[in-house]
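There are 2 protein chains.
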Amino acid sequence: MAKFMDVHHGMKGITAEQLAAAHKADQAIEREEGVHFERAWADPKSGTVYCLSEAPSAEAVKKVHAKAGHPVAEVHAVPLSV
Amino acid sequence: MAKFMDVHHGMKGITAEQLAAAHKADQAIEREEGVHFERAWADPKSGTVYCLSEAPSAEAVKKVHAKAGHPVAEVHAVPLSV
Numbered sequence: 058m059a060k061f062m063d064v065h066h067g068m069k070g071i072t073a074e075q076l077a078a079a080h081k082a083d084q085a086i087e088r089e090e091g092v093h094f095e096r097a098w099a100d101p102k103s104g105t106v107y108c109l110s111e112a113p114s115a116e117a118v119k120k121v122h123a124k125a126g127h128p129v130a131e132v133h134a135v136p137l138s139v
Numbered sequence: 058m059a060k061f062m063d064v065h066h067g068m069k070g071i072t073a074e075q076l077a078a079a080h081k082a083d084q085a086i087e088r089e090e091g092v093h094f095e096r097a098w099a100d101p102k103s104g105t106v107y108c109l110s111e112a113p114s115a116e117a118v119k120k121v122h123a124k125a126g127h128p129v130a131e132v133h134a135v136p137l138s139v
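Quick note, the sequences are listed as chains A and B, same order. Under the numbering used here, the residues of the first sequence are numbered 58 to 139, in order. Under the numbering used here, the residues of the second sequence are numbered 58 to 139, in order.
It is worth saying that the hints were derived from the structure and are not from the lab. Hints should not be assumed to be uniformly reliable.
No copy labels: a pair is met if it fits in one copy or bridges any two.
With a cut-off of at most 35 Å between alpha-carbon atoms, the simulated DSBU-like pairs for lysine-lysine come out as follows [stated by the list, open to error]: (1) 124 / 81; (2) 102 / 120; (3) 60 / 81; (4) 119 / 102.
From a predicted model like this one, the values you see are computed outputs, not experimental measurements.
The task is simple: from the sequences and hints, build the whole structure.
Below is the structure:
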């Protein structure tokens, strides 16, 4: 297991309710891929959403997001944190 | 005060020690601008570092990072989080 930060673009105007719903949709199916989504932060102005997860691979993160209906192209392993 | 996520690029090969030192350098002077750096995550492979802060403005985040020796161009307000 490792930590990943993924970045969604094009989510301009996202609301707190939409962010919470997307996060719940991820968490509802994340176990299928052995992923756990911990946190997410959104900038409705630029349409950027950052998700922090613990997962076996970047592919697993992508699979969960895709199944939940919000595919992501940019997933970075972040092995270091403070 | 608001939450911000800033993104550094070009930090390929960053070590845990370097990340911790950079975070400490920020925290040592952050009060001058009313900023608080909460967390940071790094991907040594792609050279990307994400910093989460609480600050009065994106400009204040930029000032602290620049003074501490690691200027950043990309700072997003992230008013929404889960």
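message: Regarding residue 60 and residue 81, is the shortest C-alpha distance of 35 Å or less found within a copy, between copies, in both, or in neither?
response: both (19 Å within a copy, 22 Å between copies)
Within, between, both or neither, where residue 124 and residue 81 count as close if Cα-Cα is 35 Å or less: within (13 Å within a copy, 39 Å between copies)
- prompt: From the Cα coordinates, with 35 Å as the cut-off, is the pair residue 102 and residue 120 best called within, between, both, or neither?
  reply: both (27 Å within a copy, 22 Å between copies)
- request: Have a look at residue 119 and residue 102 and pick one of within, between, both or neither, based on CA distance no larger than 35 Å.
  value: For residue 119 and residue 102, both the intra-copy (24 Å) and inter-copy (19 Å) Cα distances are at most 35 Å.
Every hint, counting from the list given before, is met by this structure.
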